[in-house]
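Let the hints inform the model, and build the full structure from the sequences given.
Those protein sequences? They're chains C and Z, same order as listed.
So for the first sequence, our numbering puts the first residue at 1; every next one is plus one.
So for the second sequence, our numbering puts the first residue at 1; every next one is plus one.
FYI, nobody ran anything at the bench for these hints, they're computed from the structure.
In this text, all values refer to a predicted model and were calculated from it rather than measured experimentally.
Even for Gly, the Cβ is constructed at its ideal location relative to N, Cα and C.
Any given hint could be a false lead.
Unchecked claim - Straight-line Cα separation of at most 30 Å, DSS-like style, residue types lysine-lysine; simulated pairs: (1) Z:Lys-312 with C:Lys-142; (2) C:Lys-135 with C:Lys-179; (3) Z:Lys-58 with Z:Lys-140; (4) C:Lys-135 with Z:Lys-312; (5) C:Lys-167 with C:Lys-199; (6) C:Lys-167 with Z:Lys-140; (7) C:Lys-142 with C:Lys-167; (8) C:Lys-135 with C:Lys-167; (9) Z:Lys-312 with C:Lys-179; (10) C:Lys-179 with C:Lys-199; (11) Z:Lys-58 with Z:Lys-138; (12) C:Lys-142 with C:Lys-179.
Unchecked claim - If the Cβ cut is set under 10 Å, some of the chain Z residues that face chain C in the computed set are: (13) Val-164; (14) Thr-193; (15) Leu-197; (16) Asp-307; (17) Gly-315.
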Amino acid sequence: MVADTVSAVAPARPQIRIQGVVKSYAGRVVVNIDDTVLGASPIEGLIGPNGAGKTTLMRLIMHSTALDRGTISLLPPTGGEVVLSSQSSNRMAHHGVVKSNQVIMDFDRLTVLDSLLLAAAEGTYEQPHRIFSEKTVYRRHKDEIRHYLDFFGFADPTAFALSAGEKKLLDIVRCLLLKPTFLLLDEPTAGLPEDLTDKVMVVVRELAAAGTSVVIVEHDLNVIWNLCDEVLFMAEGSVILRGDPQSIRSHRTVVEKYLGEGHV
Amino acid sequence: MTFDFLDSFLITGLFSVVMVTGLALLLHLQLGLTRIANFGVVGFWGIGMYVFGVLYVKVDWSFGDPYQFLVCAAIATIASGLAGLLVGWLIADLDTDGVLVVTLGFATAVQLVATAQDDITGGARGMGGLDFPFDIGKVKDNELLWLGFTMAVVAGILFYVWRVHRSPYGRHLIAVGANERLARSLGKSTSRTKLWLFVIASAAMGLLGAMNGVMVRFLDIGNLGIDITLAAMAGLILGGTARVWGAVVGVFLTVGVFDIVIQSYLPLPREWYTQAIPVMREAIFGLTLIIVLLFRPYGILGDMRRDSLMRKIHGR
Ligand SMILES: Nc1ncnc2c1ncn2[C@@H]1O[C@H](COP(=O)(O)OP(=O)(O)OP(=O)(O)O)[C@@H](O)[C@H]1O
Ligand SMILES: [Mg+2]
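Set out below in structure tokens:
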């Protein structure tokens, strides 16, 4: 009976609650969110004009940027609450909260395989005295790594990622190997060819179906309208509208501020 | 007589090559993989040497060698490791400039303390009374055997470093050096990594310091200057900061060529040895450093090649 009440209250998938969060740069408020919950729908799209604060919001969630004010917490489906904004950025992945980067981020000296093994490797195997654990880590993760390498068609994993597209894709695969329960994607398909964009979307759908909450920022609105269950419209640091793709697409404010007349 | 004089020089020369190689290998983990420029090598090494020396000479141990050596060296190693913990904690969130200031400042502090606490350390007068933990006859034989022990320790360090390159730990260090932010977003606790790296490398530097104390059998604060750090840096950078064998090749070409070939085999006037040669040595090492950094920043062996390494370990 008690258990029933708890499971009825607890969300079915992880959610992130953003309360009273303010972030400004040089006196200019860039993010200002009163109270918003992300992750109620499997896949949520976050859209808005350039400089609206989408990337900054995601960075605040990951705590890779410090908040001026406010709290961000994770509400796991099992109940309870984890205050993310009081923990250091390296803890986020342990809570299943993972973000891909809009701007290309890579380890310049590591090969594709290195990068993926790094993402997959558990901390215990990376301790200074575990100098014989490479084979173990490889054995534990080679199948999932191989799966993604084949799926996305990486030619030679022992080489370095060279093109911008390859690095972008590598960034996403690293995120996938972290087995996220809450995945933030910041323009994942920018710079990717169409076939790869489609493949990323396939993976995102699979993840969401398996219980991961996905929030995706995209300027390619076809992706948003096709993929998302809910769309949040952000402008000047705040989420000013949210709703299903159809209603957002035809909303006056969105059309005026972002899409431009004649888009619909 | 002349032959004896040269021979003893050769042993000391070889010893410094081996010891500096050890230091450069440890520095390679910090500078080459994790891109933390530790300019305080001499501080950790010096703490090891002095803690060892003072304990060995001043404390009235109820047991003799080799246990006296082992206990003193173990405490010295731990002391340097703790210094590494402190410095590692201080630099964990600093950028390159901050690391430079803290590590240099740390090394200077070690020298100042050793000088000021002269009732314990002998200060500027120095302190004798150290000895080999064994006696197999002539001094030269003892020195040769000690050289052998030191070689074994440095070979151990070399093996460790070689394994680190082939382990998840090494990959983690390289990732922290290449893009700390990204590493953190993958759940890697980069501050803790740096902390432990400093503890381990500093402890091993301290052990080498203690072993140096045994070899020279005299504590001299003149050794706590920049020489040792400079020698390890110049050697490592000449050979290649990012390569396992960089330290070995580079130190052989710097300290080896200078301390063995030039000092032992060139007919230099004897009065040069106390004044001119140490100055010349520092000038040449400094110059080497500058030239390499300008024209070949990854040294003779070049940057690491993770692609061929991965191919070798895991196949294509
Ligand atoms: N580190 C920073 N220092 C100063 N200003 C910043 C910083 N990061 C972001 N900004 C500013 O904050 C505002 C919001 O930037 P943000 O990157 O979050 O926007 P965005 O919605 O992701 O835009 P885009 O669609 O172009 O990616 C911008 O005006 C930007 O110039
Ligand atoms: Mg952005």
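request  = Taking the numbered hints from earlier one at a time, note which ones the structure violates and give those numbers from smallest to largest.
outcome  = Hint 6 contradicted; others consistent.
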